Amino acid sequence: NAGVTQTPKFQVLKTGQSMTLQCAQDMNHEYMSWYRQDPGMGLRLIHYSVGAGITDQGEVPNGYNVSRSTTEDFPLRLLSAAPSQTSVYFCASSYGQAQYFGPGTRLLVL
Amino acid sequence: ILNVEQSPQSLHVQEGDSTNFTCSFPSSNFYALHWYRWETAKSPEALFVMTLNGDEKKKGRISATLNTKEGYSYLYIKGSQPEDSATYLCASGAGSYQLTFGKGTKLSVIP
Chain A
4 NAGVTQTPKF QVLKTGQSMT LQCAQDMNHE YMSWYRQDPG MGLRLIHYSV GAGITDQGEV
64 PNGYNVSRST TEDFPLRLLS AAPSQTSVYF CASSYGQAQY FGPGTRLLVL
Chain B
1140 ILNVEQSPQS LHVQEGDSTN FTCSFPSSNF YALHWYRWET AKSPEALFVM TLNGDEKKKG
1200 RISATLNTKE GYSYLYIKGS QPEDSATYLC ASGAGSYQLT FGKGTKLSVI P
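Line by line, the protein sequences give chains A and B.
First residue of the first sequence: 4, per the numbering used here; consecutive thereafter.
First residue of the second sequence: 1140, per the numbering used here; consecutive thereafter.
Since the hints were made in silico from the structure, they are not lab data.
The reader is advised that the hints may include incorrect statements.
As the list claims (entries may be wrong) - Using 20 Å as the maximum straight-line C-alpha spacing, the simulated EDC-like pairs for lysine to aspartate or glutamate come out as follows:
#1 B:K1242 with A:D41
#2 B:K1242 with B:E1178
#3 B:K1245 with A:D41
#4 B:K1242 with A:D76
#5 B:K1181 with A:D41
#6 B:K1245 with B:D1156
#7 B:K1242 with B:D1156
#8 A:K12 with A:D76
#9 A:K12 with B:E1144
#10 B:K1245 with B:D1194
#11 B:K1245 with B:E1222
#12 B:K1208 with B:D1156
#13 A:K12 with B:E1178
Being a predicted model, the structure only gives us computed values, none of them experimental.
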């Protein structure tokens, strides 16, 4: 099993550009989440999903959209990137207990 | 949004020393308490998930205890080794997918 995969690993955007961070898992986990990690802030929940077709907001959802059309995939969309969205983004999946994290995507917004 | 606090923020210990960290969380509406180990340039990996008051879990030299009534958990490392150097995160939340993380305790083990 590949576990949780994320693409790209690193991305540079200009302010106002849009992009999609990809996340996929092959463990048939129902639960998937997106976090951002900023210095001194710890991991903060952006959006989460409890199954295909079901998503909800976390602590810091503004500026991000998600969808969950399949169990495997949970993409995170930045509609109009802002410098405040410069961060490291982690996707995670779970079957109800521990979360399994992807390798992260480092995003720089200029 | 829960308030999950970890202390200390960072810790330096000598190889062979035993150490412990604290995680405090709201005791009301408790669901589960998670501990993760996060090595530099890697992603967090789960150590323990605990749900019951009085729970104790152990993995090798690392163990954890849980007190849901007073809202705290301790993580213990016995005989620290350089490979134990990492940031240790705790998290709590309404469900395993809706976690609030603490800011972590960064452990450095000096050979």
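Here is what the structure says about each hint:
no., hint, verdict
1, B:K1242 with A:D41, "10 Å, holds"
2, B:K1242 with B:E1178, "14 Å, holds"
3, B:K1245 with A:D41, "15 Å, holds"
4, B:K1242 with A:D76, "28 Å, violated"
5, B:K1181 with A:D41, "15 Å, holds"
6, B:K1245 with B:D1156, "16 Å, holds"
7, B:K1242 with B:D1156, "23 Å, violated"
8, A:K12 with A:D76, "17 Å, holds"
9, A:K12 with B:E1144, "30 Å, violated"
10, B:K1245 with B:D1194, "24 Å, violated"
11, B:K1245 with B:E1222, "13 Å, holds"
12, B:K1208 with B:D1156, "30 Å, violated"
13, A:K12 with B:E1178, "17 Å, holds"
In this structure, the hints that do not hold are numbers 4, 7, 9, 10, 12, in rising order.
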